[in-house]
Amino acid sequence: MRLRIKPRDLRYVLTFALLMTIISSGAAYRALYPPASEQYFAMWILGPGGFAQHYYPGDNSNLRLNEPVNWTIGVQNQMGGLEYVVVEVKIINSTLLAPNSTTGTPSSAQPTLEFTRVLVQNETWSTPFNWMIISAASKNGSTSITGLSINGERLEGQFASASSGLNFRMVFELWFYEASANGLVFSQPTTVGPRSVWTQIWFNATSVA
Amino acid sequence: MKASTWLALLAATLIILSAAPYALTQQPEPINTLSYRAFSGLALIYQQGGESPELVAKLNQAVGLIDEARMKSLQGDNAGASNLQTQANTILTDILNQTPLAQQTAANQRTTSIWITVSLVPLAVLLSTLLFYASLAAWRRYEKSQLYKMQIVGVVRDEIED
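Heads up: the protein sequence lines correspond to chains A and B, in order. Under the numbering used here, think of the first position of the first sequence as 1, with each following residue one higher. Under the numbering used here, think of the first position of the second sequence as 1001, with each following residue one higher.
Bound conformation, chain A alone:
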């Protein structure tokens, strides 16, 4: 069959082909290299039943010895790739410095416990954090937590001290592996300054010692 096409129609067809080449090339490029979306981690602590409420038994944040506290730690990876994350749990009092979101610096306290996980993009990870104070000591009006049970494991040591057992804090810091640092980092640089992920929950322990 001989294809007969008028010069005017040939111009239309060639223009169309050119347009389609540009459009499909753009679509192919986007399919191969999708645009980067906002990159972030999210972390949360939930109370019993997975709700952001009733964090303490009887909603009383003044804890007694061997009183179980049941929380869930949640982390979500929206960083666009595989991530190595560590949730560091620290117990501090009101005078010790908490992490600083503005400067992106973590709390100077040593972690009591660490939870490590490798997360793929868009993955949400939850882990139980069931704890209670199992021993404490009082000296010169200061209460020290000396024993903790976390997820059924007993830990002993000098965790934190607070005047009259008031204003303890359980701090959760999210650290992640950074190849350029060849180690864990607490904050990531962004155009609006360092971004770090952490949270804290306050409690008292006035009647444990």
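Simulated from the structure, these hints should not be mistaken for lab results. Heads up, a few of these hints could be off.
Covered stretches of chain A, going by a simulated chain B footprint (3 or more residues, C-beta under 8 Å) [what the hints assert, rightly or not]:
no. : stretch
1   : 9–19
2   : 108–122
3   : 172–183
Since we're looking at a predicted model, the values are computed, not measured. Ideal placement from N, C-alpha and C gives every residue a C-beta, glycine not left out.
We have chain A; now place chain B onto it with these hints.
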């Protein structure tokens, strides 16, 4: 001290200093560093657009054991901690051994997907242009038929006027 003694001392110091990094490399790699190395290998697979859920699951098992080992160590159970670290070490070594193949597979898959996507471009252009041409040709035929119809109508009107 004689100059020869100084030289001997200097040579001994240089030998010790040059041997120190070698001695360091002979020490077992810290478990955390090993886990970072295993992670970096897997992260590369995901950066290439590949996936390796089995190796990620293994790495999670290993880091879980490392966490447990740290807990045992805090509890003073050094033997238990060491045992868990050995298990984690075995898993991490296994991951590191399997990673090159997984990376190669991911790279191959990436190359294939690039080729498929790139070859779809001319195919899409060709098919859509053919469709466009067919539509244009159909339109031209329709236009022509409408033109003839108008002529026929004109003839009928002429006949009526006559």
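Each hint, compared with the structure:
Taking a C-beta to C-beta cut-off of 8 Å, the stretch 9–19 of chain A contributes 5 residues in contact with chain B, enough for the three needed, and the coverage statement holds. For the stretch 108–122 of chain A, the stated coverage by chain B is satisfied: 8 residues place a CB nearer than 8 Å to a CB of that chain, which reaches the threshold of 3. With 4 residues having a Cβ less than 8 Å from any Cβ of chain B, the stretch 172–183 of chain A passes the three-residue criterion, so the hint holds.
This entry satisfies every hint, going by the numbered hints stated previously.
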